[in-house]
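Peer 1: Residue numbers (the working numbering): 1 to 782.
Since the hints were derived computationally from the structure, they do not count as laboratory data.
Be a bit skeptical, because a hint or two may be false.
[Stated by the list, open to error] Using 25 Å as the maximum straight-line C-alpha spacing, the simulated DSS-like pairs for lysine-lysine come out as follows:
hint, residue 1, residue 2
1, K507, K455
2, K114, K455
3, K507, K114
4, K114, K85
5, K114, K88
6, K572, K556
7, K650, K639
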Amino acid sequence: HALEPVVLGYVQRLNSAGVLDFLDLLRSVRDLLVRNDEVRRELSSRFTHLFVDEFQDTDPLQAEILLLLAADDLAEVRPSHIRPKAGKLFVVGDPKQAIYRFRRADIMLYERVKEQLLGSGAELLHLSTSFRSRPAIQSLVNHCFSERMTGGETQASYVALQNFRTESTDQPSVVVLPIPAPYPHWTATPRVTLGQLEASLPDAVGAYVDWLVTQSGWMVDAPGGARPIAARDVCCLFRRFVNFGEDVTRPYVRALEARRLPHVLVGGRSFHGREEVMALRTALQAIEWPDDELMVYATLRGAFFALSDSELLEFKAFIGSLAGDQQRLGRLHPLRRTPRERLPESIQAVADSLDILGSLHVSRNRRPIAETIGRLLAETRAHAGVAIWPTGEQALANVLSLIDKARRYEARGALSFRGFVEWLELSAERGQGSEAPVIEEGTDGVRLMTVHGAKGLEFPVVILCEPGAPLETNRPSRFIDPDAGLWAQGLCGLMPYELLAHEDQIKAQDDAEVIRLGYVAATRARDLLVVPGIGDGPYPEERWSSIFHPAIYPEKQFRGVSQRASGCPDFKPDSVYQRPFGPDLLDRVPVKPGWHPELAGGAGAVWWSPADLELNRHERGGIRQQEILVADGEASAAKAAHQAWSEERKARLTRGATSGAHSRSVTQVAHAVEARAQGEPAPLAELSADAARALASKYFPEEILTLADAVRVEAPIARSSGRPRGARFGTLVHALLERTEFDTSAKGAANLASLAALLARQLGATERELLAARDACANALN
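Model the full structure from these sequences, guided by the hints.
Peer 2: What follows is the structure, encoded as structure tokens:
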């Protein structure tokens, strides 16, 4: 009840703007079907068959709409009492992939609707053959999840995956990537910590991807045949992107950037943490508040102006000397005029930079915000500068994305430059904003995604990240009762009674969904699945990665025994790269790197050696491709060639714009002939068409006139006065003309009639409109 004014205010704003959100659309459609018998009958007859995929992701409103459209008895509007018409509804769903409870898609709803359909005569089929993954990956999935998905009220029943593809003998399909340094350095008693796991794994992932792409020679299956692994084939999957306000993906991004591996952070929240974005936000604050000397200094010292401390100190000393105080430093103020005649050449750049900020401040509210940002970038030549950073494509895309944010901000009716700057700062504090996608689908770049974002996708190589994510939830998430129209959720650390009353049930549902999240993550892989592990044994507490422990850890007596792995380097003997000395570790038996045939449910897996990876590679500073900034001898020649081409092109366009053939009509020719015969010009209007044609025949060949007379003019087909009109009829005619084949035979006429009937049913056209559209299309073809 406390939030009711907020909800009502939101609804009023939607109504005043004349818009609907997605939930409103669903609710409006459901209400329309329930309350309007005619609409329900019309739509039910229009859609003769309903095919639904990913049914486990269906929320209650969508399920009600489907049942109402598929109902055998259209008078029944109670969803739980509806019996679907035989053969009309076909649904495909995998309850093992139900991971959208936060969007009201609950596995209990799935099971309830399934039982309702089965009770109405539906047939249940199990599709168990997986065409995606290699057999070793499927064996690992079956081994791990058959014990955790045992059915019941909150969990799906497991159906084992059956193989379709054949296993590769040249390279492994399952790799366990050991965390190089699982022990912290500061503790006297060596033991694995979650913080150290999360700190050490990103470097190993970056090094492994680098080896995979540049050195392995491994292949992946592709439509055109097997090809080497590329960066675009690799996807790093996370359970979440933010943990306690921190960006989980940032260390992984740094590890990839240090190795110059292109990457795409799909839906990440590190936009405001990027150097180029922070530099641009600082510059915008300096433009808005020129009295803030700290922001002005940070802008001048930052990435766009890149002035040194010595230059800035010298300038401040010069400003102080102008005031007659040699001991006092002046201020860096963009609006203060600096006497250029006395200014030393060594600090001219400082004065020029301040002038740029000052001019942008003065005009900031008289021009679009995006234009102000664009002028700042143009004055500092930031586009070229940012593009040659170590990750220039991403940096430049983020800068352009911020300009796009400014345009959208103004499009909403907000015109204040200060408002935009404050909005940016608020977004940065909240961690809002994802990096701009610079790499399109199909081009190169490692993908970093959440499991929810990767749902429905597949990748040749999948690396599971964030091993320390929790497996069990500490607090219940939400309680949903569709029948009562109740949604109970915690807010500001407080929980309503309805949620507390069902705490155990909700936590069981939440924990079951985490298991399904692991299933979805593992089944995204086609050719290679990489799972993180700890060489000295699994982490003692249950975490998200614990789901895979039964399939990746050998029994203790077999840990020291491994075989040579096909397609892999000759591994060094230890799977822990950095291990502190301590008596507690003397009895530890690390897993020996190499091939372990008993893992992955008996299909075998490879434990990697972190010592064989290029670890601890730091981010590269400076710029890349500096040669593009260096003038060479070919530049002037290329410029001269371009100038010559431009001049030649201009000359050709000029010549092309001048008519080379002058044509005159018959009337003009007759007028000229008559004028010459009479010695004076005759008005064009006084010359009849017959006279003009007779005179022109003296000067034009007879065959030209004959050809002119032979021109055939198509007579328009008379339109029936009773022909239908309106947008629906016009749409039907145009759709028919667009899709029908150019075939006037009897078979073509039959196809035309069938297509017309299909389109008419989809558009809700009447029988009269159907016949008229079919005849009009047939006349046009004939």
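Peer 1: Work down the list of hints and note, for each, if the structure agrees.
Peer 2: Hints and how they fare:
no.: 1; hint: K507 <-> K455; result: holds, 23 Å
no.: 2; hint: K114 <-> K455; result: holds, 22 Å
no.: 3; hint: K507 <-> K114; result: holds, 24 Å
no.: 4; hint: K114 <-> K85; result: holds, 15 Å
no.: 5; hint: K114 <-> K88; result: holds, 15 Å
no.: 6; hint: K572 <-> K556; result: holds, 19 Å
no.: 7; hint: K650 <-> K639; result: holds, 16 Å
No hint from the list above goes unmet by this structure.
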